[in-house]
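Here the protein sequences line up with chains A and B, keeping their order. Going left to right, the first sequence walks through residues 74 to 491 as the working numbering numbers them. Going left to right, the second sequence walks through residues 546 to 958 as the working numbering numbers them.
Simulated from the structure, these hints should not be mistaken for laboratory data. Treat the hints with care, as some may be off.
No farther apart than 25 Å at their CA atoms in a straight line, the calculated lysine-lysine pairs in the BS3-like style are these [said to hold, decoys possible]:
1) A:K78 - B:K745
2) A:K88 - B:K564
3) B:K588 - A:K76
4) B:K705 - A:K217
5) A:K148 - B:K887
6) B:K699 - A:K147
7) A:K222 - B:K564
8) B:K826 - A:K317
9) A:K432 - B:K564
10) B:K887 - B:K695
11) B:K826 - A:K147
12) B:K826 - A:K78
13) B:K699 - A:K213
14) A:K148 - B:K793
15) B:K816 - B:K759
16) A:K147 - A:K267
17) A:K109 - B:K699
18) B:K659 - A:K182
19) B:K699 - B:K588
20) A:K217 - B:K793
21) A:K403 - A:K299
Pairwise CB distance ranges (calculated) [unchecked claim]:
22) B:E687 - A:E418: 25 to 31 Å
23) B:P761 - A:K380: 55 to 61 Å
24) B:P800 - A:K264: 20 to 26 Å
25) B:P761 - A:K411: 41 to 47 Å
26) B:S567 - A:E192: 56 to 62 Å
27) B:K770 - A:Q202: 47 to 53 Å
28) A:E192 - B:S708: 31 to 37 Å
29) A:D364 - B:A756: 47 to 53 Å
Simulated coverage check for chain A against chain B, where a stretch passes if three residues somewhere in it have a Cβ under 8 Å from a Cβ of chain B [as the list claims (entries may be wrong)]:
30) 125–134
31) 351–358
32) 441–449
None of the values given here were measured: they were computed from a predicted structure. Where is the CB? At the ideal position from N, CA and C, for every residue including glycine.
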Amino acid sequence: MIKRKNAPSLQAIEKINFISPLKIQLGEHTPFFWMKEVPNETARLDFIFHAGTTRGSNLISSLVAGLLFSGTDKKTSTDIHNELDDLGAFFDVGLGHESVLVSFYALKKNILAVFKIFEDALEHVNFPQNEIDELITDRKQKLKINCEKVGFLSQRAFQKNLFQGTNYAHQTELEDYDSVRREEIIEYFSKNYKNGLRKVVLVGSLDEVQVKEIAEKSKKWCLPEKPLFENNFNNNKGVFQLEKKDAVQSAVRIGKTLFNKNHSDFLGFSILNTILGDYFGSRLMKNIREDKGYTYGISSTEAELAKSGYFMIGTEVGSAQKDLAIQEIKNEIERLQKDLVPDEELELVRNYLLGQLLKSADGPYAMTDLFLSVDAYDLDFSFYENYIQKVKNIDAEELRALAVKYLAWDSMTIVIAG
Amino acid sequence: MVKFERFQLSNGLKVIFHKDTSTPMAVVNVLYDIGARDESEEKTGFAHLFEHLMFGGSVNIPDFDTELQKAGGENNAFTSNDITNYYDVLPANNLNTALWLESDRMLSLAFTEKSLEVQRSVVIEEFKQRYLNQPYGDVWLELRPLAYKKHPYKWATIGKEISHIENATMEDVRAFFKKYYCPSNAILCIAGNFELDFIKERVNYWFSDIASGKKPARIIASEPKQIEFRELELERNVPASAFYYAFKMAERKHPDYYIADILSDSLSREKSSLLYLKLKKEKQLVSEIVAYITGSIDEGLFIISGKLNDGISFEDFDNALWEVLNEVCLNPIEEKELNSLKIKMQTARAFQEQGILNRSMNLCYFELLGDANGINEEHLIYEQISCDHIQSYANELFQKTNCSLLKIKAQQA
């Protein structure tokens, strides 16, 4: 007879083998990372530019990011897209506060050719006026549509209050689009891309000769000086309500400015954050979704910036239950501040986090991203060795102390849209 | 090439084992051959509601998630119009935990009034979040019944209306489980660095004592051939008018399915498809336009959708669109473009096949379609498609009488 009542015995995770990518220095402030142990034909090539929204206006930075393949004197944007298509390549441009990430995905045999198309497109981009106009029309429509979403509205208001008084808080309004000049776009591009390369990342088992060629040819874009970032954030505390007529759900965002991996409490707080809201069995999910049924989902995150970071709880709840839901969120935070996390729950979270770390290190792409997520803060894989120790050793008293220190309800920015 | 082994238990459970020596993780994927198309029209949304209840505790285990998390794993599930799929990803040395959990909930669920009540509320919030509280969120609730008159694809997986979920009773739920959640209606895939003998022994241990059940016969109303153009215009409080042209296309196992797939890729090429060049770049009628297929097992839909620029009427756009579609019907695409589409597909496949989770889900899905080895053979079908095939299928597809058009008119514009 099978003993179904008893859980099978569990095995601990013994060791995770971290593999760092190879590092080639392109310029004083620009490394090139190469993960070459890839057991298949795929490859990814990333370029990180010091061209995020805080380098100028939110609007101009976002238009430039959208126009990197808009054409040269010799090629239209359609030509460039066709060339990339012919190589089976996919690409993606991601814009953040502090950087722009351009990623290409292709078979490794095509990566060098993809790079050459990118090099030419970027070197000679001339920002045709019709491409600018077209992008502005699209973006205006998208912004109008987004403003119909309570999630978008709450996120915008949250960021505004989180970063108040800094250029991280700046956001694009509809009317801003009417005064865009092509010269601003060209100027922003020259300043932040031509001499703005912060990092190149290659994942793929390419020939060394090809890798050297990509590295060599990327040197001309290197950033001449060490980038500087803001670290002095102070979120606007209190409750901010945004009315959206006829909304059947309200979007809620609760959080505050905090820190990144360089802070000594980051590791402990990340475990606390997991318990509160960062996995399916978290306290917020268990209470607000699985017990009360107020929402389809609720989570908390610990987000990082170059010199800072923030904590945020996000959910969308039935409009009639929004006050009840916020009260329950407050109750859960207070419970972490008053009571010790029971052993059984803490043990579960320890196992869960180590299992997830093992997963985050599975395969060359995941391993590279894991590496990048420490390298961004001038750390190395020893960070994760420390993390494993912290997960194994943190106790309930320390978690409670962290909750008291960092989760005071009156230190939070609370945004409700709906 | 995705290598795998296949065996079946005496209770009918089909098992696929995919060995991957490079990963420290394991995947346990269970596909149940039950989707929204199997629901009765009076009780829609059940397959999906049920997916939620599958996490509410089984006969011997009060909390599924907790046990898996203790083992360092995580899980999720999805429901489509065709299938319900559950997966667990966990460190390989804890594989037993996932098999214990999946086998126990295949054995029997421990339904409680409380869990039914809570999951009803959660699903209703999901309904609001995805379908009611988003601009254009209700499009599929409207487009399905326009395109399908008989076939159960006429309702969405979330259900036809909220009341069906609100009124779900304990008795309904029990009957649903009994009928569809049994070994003979499931396909299990295990992936990771294991030996076949070990997997056989473990699967036998956990699953062989579950009563086989009877694979439910699928009696689905077939959709009569569409012979008239259908059109529905709705006013909504959105900033831009949107259009959804839905053409009936071949079922999943038909050779034409693959042709439609490539044709949709061709019409969706970013910044270089004919739709984009003519309707956006040249005539500036739309802000966005895409083409895609629904990919369903039975007769599916080939969709062309997008949003109009301010000041453009549906009529102007409609004329221009049909001009382009006629062009597609008259002139075959160039060999060069077809090759480029095929290379792009190869590249996408190479990336998708990297993770064991994707491979496991696909193996189960192809096994459902008839043979798990389809995962390795499908690209050969695509390879053989010619420019003539595409042109000929375009002529069949882009007939006005084969089209259902949903127009969302912007009140704000």
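We went through each hint and held it up to the structure:
no.: 1; hint: A:K78 - B:K745; in the structure: 22 Å, holds
no.: 2; hint: A:K88 - B:K564; in the structure: 21 Å, holds
no.: 3; hint: B:K588 - A:K76; in the structure: 37 Å, violated
no.: 4; hint: B:K705 - A:K217; in the structure: 29 Å, violated
no.: 5; hint: A:K148 - B:K887; in the structure: 24 Å, holds
no.: 6; hint: B:K699 - A:K147; in the structure: 50 Å, violated
no.: 7; hint: A:K222 - B:K564; in the structure: 44 Å, violated
no.: 8; hint: B:K826 - A:K317; in the structure: 35 Å, violated
no.: 9; hint: A:K432 - B:K564; in the structure: 17 Å, holds
no.: 10; hint: B:K887 - B:K695; in the structure: 35 Å, violated
no.: 11; hint: B:K826 - A:K147; in the structure: 18 Å, holds
no.: 12; hint: B:K826 - A:K78; in the structure: 64 Å, violated
no.: 13; hint: B:K699 - A:K213; in the structure: 34 Å, violated
no.: 14; hint: A:K148 - B:K793; in the structure: 38 Å, violated
no.: 15; hint: B:K816 - B:K759; in the structure: 51 Å, violated
no.: 16; hint: A:K147 - A:K267; in the structure: 19 Å, holds
no.: 17; hint: A:K109 - B:K699; in the structure: 49 Å, violated
no.: 18; hint: B:K659 - A:K182; in the structure: 56 Å, violated
no.: 19; hint: B:K699 - B:K588; in the structure: 13 Å, holds
no.: 20; hint: A:K217 - B:K793; in the structure: 32 Å, violated
no.: 21; hint: A:K403 - A:K299; in the structure: 41 Å, violated
no.: 22; hint: B:E687 - A:E418: 25 to 31 Å; in the structure: 45 Å, violated
no.: 23; hint: B:P761 - A:K380: 55 to 61 Å; in the structure: 60 Å, holds
no.: 24; hint: B:P800 - A:K264: 20 to 26 Å; in the structure: 54 Å, violated
no.: 25; hint: B:P761 - A:K411: 41 to 47 Å; in the structure: 52 Å, violated
no.: 26; hint: B:S567 - A:E192: 56 to 62 Å; in the structure: 33 Å, violated
no.: 27; hint: B:K770 - A:Q202: 47 to 53 Å; in the structure: 49 Å, holds
no.: 28; hint: A:E192 - B:S708: 31 to 37 Å; in the structure: 59 Å, violated
no.: 29; hint: A:D364 - B:A756: 47 to 53 Å; in the structure: 33 Å, violated
no.: 30; hint: 125–134; in the structure: violated (count 0)
no.: 31; hint: 351–358; in the structure: holds (count 3)
no.: 32; hint: 441–449; in the structure: violated (count 0)
Hints 3, 4, 6, 7, 8, 10, 12, 13, 14, 15, 17, 18, 20, 21, 22, 24, 25, 26, 28, 29, 30, 32 from the earlier list are contradicted by this structure; the remaining hints agree with it.
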